[in-house]
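If you want the building blocks of each chain, they are given just below.
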Amino acid sequence: MTQWEVVIGIETHAQLATVSKIFSGASTAFGAEPNTQACAVDLALPGVLPVLNRKAVDCAIRFGLAIGARVAEKSVFERKNYFYPDLPKGYQISQFELPVVQGGSLTVQVGSGDKTYEKTINLTRAHLEEDAGKSLHEDFHGKSGIDLNRAGTPLLEIVTEPDMRSSDEAVAYARALHALVRWIGICDGNMQEGSFRCDANVSVRPKGQAEFGTRREIKNLNSFRFLKEAIDYEVHWQINEIEEGRKIRQATVLFDPDSGETRMMRSKEDAHDYRYFPDPDLLPLVISSEWIGEVKEDMWELPNDRKSRFEREYGLSSYDASLLNTNYDIGNYFEGVVLHALVSGERIGTELSKLAANWVINEVSAKMNQEGDGHPMWKFGVSSETLGHLLRRMREGVIGAKTAKELFTEFWEEARANNYAHHGGHPGKVDELVETRGLKQISDTGAIEALVDEVLTANPGNVAEFKAGKEKAFNALVGQVMKVAKGKANPQQVNELLKKKLAG
Amino acid sequence: MSLTLEQVQRIALLARIEISETEAQTTRGHLNGIFELIEQMQAVDTRGVEPMAHAQELSQRLRADVVGEPDRRAAYQAVAPETEAGLYLVPKVIE
Chain H
1 MTQWEVVIGI ETHAQLATVS KIFSGASTAF GAEPNTQACA VDLALPGVLP
51 VLNRKAVDCA IRFGLAIGAR VAEKSVFERK NYFYPDLPKG YQISQFELPV
101 VQGGSLTVQV GSGDKTYEKT INLTRAHLEE DAGKSLHEDF HGKSGIDLNR
151 AGTPLLEIVT EPDMRSSDEA VAYARALHAL VRWIGICDGN MQEGSFRCDA
201 NVSVRPKGQA EFGTRREIKN LNSFRFLKEA IDYEVHWQIN EIEEGRKIRQ
251 ATVLFDPDSG ETRMMRSKED AHDYRYFPDP DLLPLVISSE WIGEVKEDMW
301 ELPNDRKSRF EREYGLSSYD ASLLNTNYDI GNYFEGVVLH ALVSGERIGT
351 ELSKLAANWV INEVSAKMNQ EGDGHPMWKF GVSSETLGHL LRRMREGVIG
401 AKTAKELFTE FWEEARANNY AHHGGHPGKV DELVETRGLK QISDTGAIEA
451 LVDEVLTANP GNVAEFKAGK EKAFNALVGQ VMKVAKGKAN PQQVNELLKK
501 KLAG
Chain V
505 MSLTLEQVQR IALLARIEIS ETEAQTTRGH LNGIFELIEQ MQAVDTRGVE
555 PMAHAQELSQ RLRADVVGEP DRRAAYQAVA PETEAGLYLV PKVIE
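Heads up: the protein sequence lines correspond to chains H and V, in order.
1 is the number of the first residue of the first sequence in the working numbering; add one for each residue after it.
505 is the number of the first residue of the second sequence in the working numbering; add one for each residue after it.
Just chain V, same shape as in the assembly (with noise of 0.2 Å):
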């Protein structure tokens, strides 16, 4: 499988990402490349083998449903960049 320079753009706007025409396609290069990698895996036979959604073998630890975090929003809203009333401020959006 190899991804057309579409294909890439279409990746980088998802991704918020702006990148010139010359940009993608290197990047299309890279990502082609690890494709390939892929493929070379793919050859390796993984029926009967659990897919694993971690690298480590662990499961998830839990916490008890206790509130412990205080109120720190005059902390937190003094590196944000604009604020009031409580908000935080950014640019318009309406879908």
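The shape of chain H in the complex, shown without the other chains (with noise of 0.2 Å):
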């Protein structure tokens, strides 16, 4: 039995965050009217000239910065020449030979939980190019309708080397990849309108062999789990062929996301001959190192900075500091919580870190998933200056872990039910609520004494069993007191008078 490896090679198209488009002054706003937001240069009429927007090329640079790539100081627009309707010039304007950004990498969390591993993927580069127009097939006449908004729209294509072994990587990846385009602001991330789109280049071969096999490139992925499963599907018909006796042809495919297959869209034979050549109307695009600084200067802290940070000075594993990094508001709030929750005078130790990551990463993380893909990641129910209170509140000893969750429920319900328009709760309802409602923990030696002096005096039965040595008898008393305290009362404290009076 031959053990196939899988090699993927992936391309994004991210479209850049610029209100304008990447060689006109049309707007690039979604969802307009068809063609209302198509001028003349878009259309490609006579005797128009592009002009390169600023911003566009800013976010290049500023990408190029994120991964570690070497922004060009010289690069080159070219013509990419074919036809079709949706593409009035005859010609897509974008960059070959020498592209804005080259090389860099990306180094991702692949797995999750005890399985995790890290991988770099490096990048082979990026380009700024315009998008086409869209078409559109439905009936008109034995006619296709052409909707030209959409072209000219700045779009980065990112080019990754051969590098991932697995649908796991290759989605690893698109999500750390889409983490960092929305977090250095450059693209605002969102598949269902195609801002971020994947292309997939998948081949197998036998374990060990050193050449690559023939590779089918599967189009136009826009959701991350479209991805795994026409990476998986790819896979295994290609397999299927080799073992049955056929070769692999070089195509372009399509995946259809409802029969969970690809089909060929175009073979190599048909393939387009783009006949790149540098753009007379553009010139050469000059990066200044000065430029480039500015930008640098102007960059929040990077994934993999804070990830490091994380672990060093809050002292969290590996693990929990790239969950707090998956994107830039997470890891924020989570900062937030921490400080929030400092007792005074406390500095900050790893037991506070610990417990702010867990409630950030279990019941925060909890909430967010309640809502499905679209909640958005930013839009927080309870804020971190809340939830920090609240565990400030807990650590003082003033209420239990119990109350602390369920006044956060509370809170991020309150939330939710306004449509996450404004935060539940604040940090004066959290004592408020504590007060109000006589929430606050039995801390007093002498009080709980009282409790477990009376549960033991009702449940000679559970003392007898404890004695005769059943553990379980002991966990029966501890549920007695806190039922008898109704839950106010300080867990830790319970447990030691309890184990001090039985063993007396």
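Mixed in with the good hints, there may be bad ones.
To be clear about the criterion: a stretch of chain H counts as covered by chain V if any three or more of its residues have a C-beta under 8 Å from a C-beta of chain V, and this derived list gives those stretches [claimed, not checked]:
1) 54–67
2) 280–291
One side of the interface only, derived from the structure: several residues of chain H facing chain V at Cβ under 8 Å [unchecked claim]:
3) 85
4) 146
5) 460
Since the hints were made in silico from the structure, they are not lab data.
Each residue gets a CB set at the ideal place from its N, CA and C atoms; glycine is no exception.
Build the complex: two chains, separate frames, hints provided.
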């Protein structure tokens, strides 16, 4: 039985967060009436000239810096020639021989829990180009309708080396890239609207073989789930073809989410021959080191830098630190929680950091996941100030963990009920509710002792069982005390006192 | 280097230019003339000379990211052969 190795490279088109197009002053806003945002340049009317949008270049520089790539001092726009009605010029302005971003890499976490491993994906390049329009093939009396609003929208095409070896690695890369482009603010990452779409080049080869197999390219995958399903199907199909004695032929394929299958769009024979050449309408793009320096000044701490800092400063595990860096907002939130959970005079320590990390990773993420994919990650139902304050009161012994969780849930539900228009609860509200509802934990030793005595007297059976060596009886007694205390007794103190009394 | 007739016909197809056999022959002559000229130029030693992407020694001017184009769809569509529901209509294309 041959052992197969999967080889995957990914090309991503990220729509850049500009308000106007890459070569014209038309708007890039999504969802406008057809052709109301297609100006003379986008329509390729005679005599028009493209003028490059500075912000698009700025985004490319930002990306290059974020992945540790070389930002080319000089790069060149070229014409990629092909005929299609949604491309009125007969060519797409793109970059070919001298792209603006060269090299770089992205280190990603693959898998979850104990099986997590780190993998570095090398990038070949990233280049600036314009998007095409849209063709609508519904019936217009046997004709196609063309909407050129999208024509000329700035894209950054990000190309990896064939470094990924499984669909899981491909998805981990795509997710990390998606988080990164949003993190550095160059793309809104909206996959439904097509702002972030992936093509996957997939091939298989017998394990140990040096040469790559023949690849097929799966086009336009606009969700992480489709990316995984399409690759898994394609790999299975390719292995099956080879094992049945057929050869893989280079081709471009489309993924059909309904059937879960890939099907051929065009073979290599009728593949395009784009005849690239430098666009005479555009001069070389020169990026000075001063410009790169300005962009660098303006950039936030990057995901991997912040991950290392979280491990170093907060003493978090690599896994927790990476979960808290899946996007910019969640890490910020975590740091806010820690600050507000500090008891006066206290300095940040590992116990607090770990507690805050657990709450953010488990409780906060769980609430967000309940909302499904549609939940915008930056919409927290409870502010970091409020959660931090809850944890502070818990750490001070004012409230128990159970109460903290209940209040947190109540606040979050309040935010959900108003569709996340504002946060649920606030720090003052925590103290107010603790007071008015009498949620204060009983930590007074005398009071707890009285409760313990009461329970011991009332449950001689459990006491006898415990003395006979039944561990379970101890838990039953703890439960009884908590019941009598209406859940408000400090569980640690209850445990200690019970142990002391039973031993005595 | 010189082109075959087949290559000329392939280029014509890619450029969506319909040419007859005679025209293809003539064009082949023209194109091969250009290749001869290029061959002559290649005799010049250009080692150490940075290739130019443009005939002018200038760099690209940039514009600020500002929306400056109003909606002029009505005017543009007035000169289009056929439109419907705001779309430009073209002969059906399905790849």
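When the least beta-carbon distance from residue 85 (chain H) to chain V is tested against 8 Å, hint result
Because about 4 Å separates residue 85 (chain H) from the closest Cβ in chain V, which is inside the 8 Å limit, the hint holds.
Residue 146 (chain H) as chain V interface residue, shortest Cβ-Cβ below 8 Å:
holds (4 Å)
Report holds or violated for chain V covering the region 54–67 of chain H, Cβ cut-off 8 Å, minimum 3 residues.
Three-residue rule met by the region 54–67 of chain H, so holds; n is 4.
Verify this for me: three or more residues of the region 280–291 of chain H with a beta carbon less than 8 Å from a beta carbon of chain V.
holds (count 6)
Residue 460 (chain H) as an interface hint toward chain V, with CB separation required under 8 Å
Cβ of residue 460 (chain H) sits 80 Å from chain V, so the hint is violated.
In summary, the one numbered hint that this structure violates is 5.
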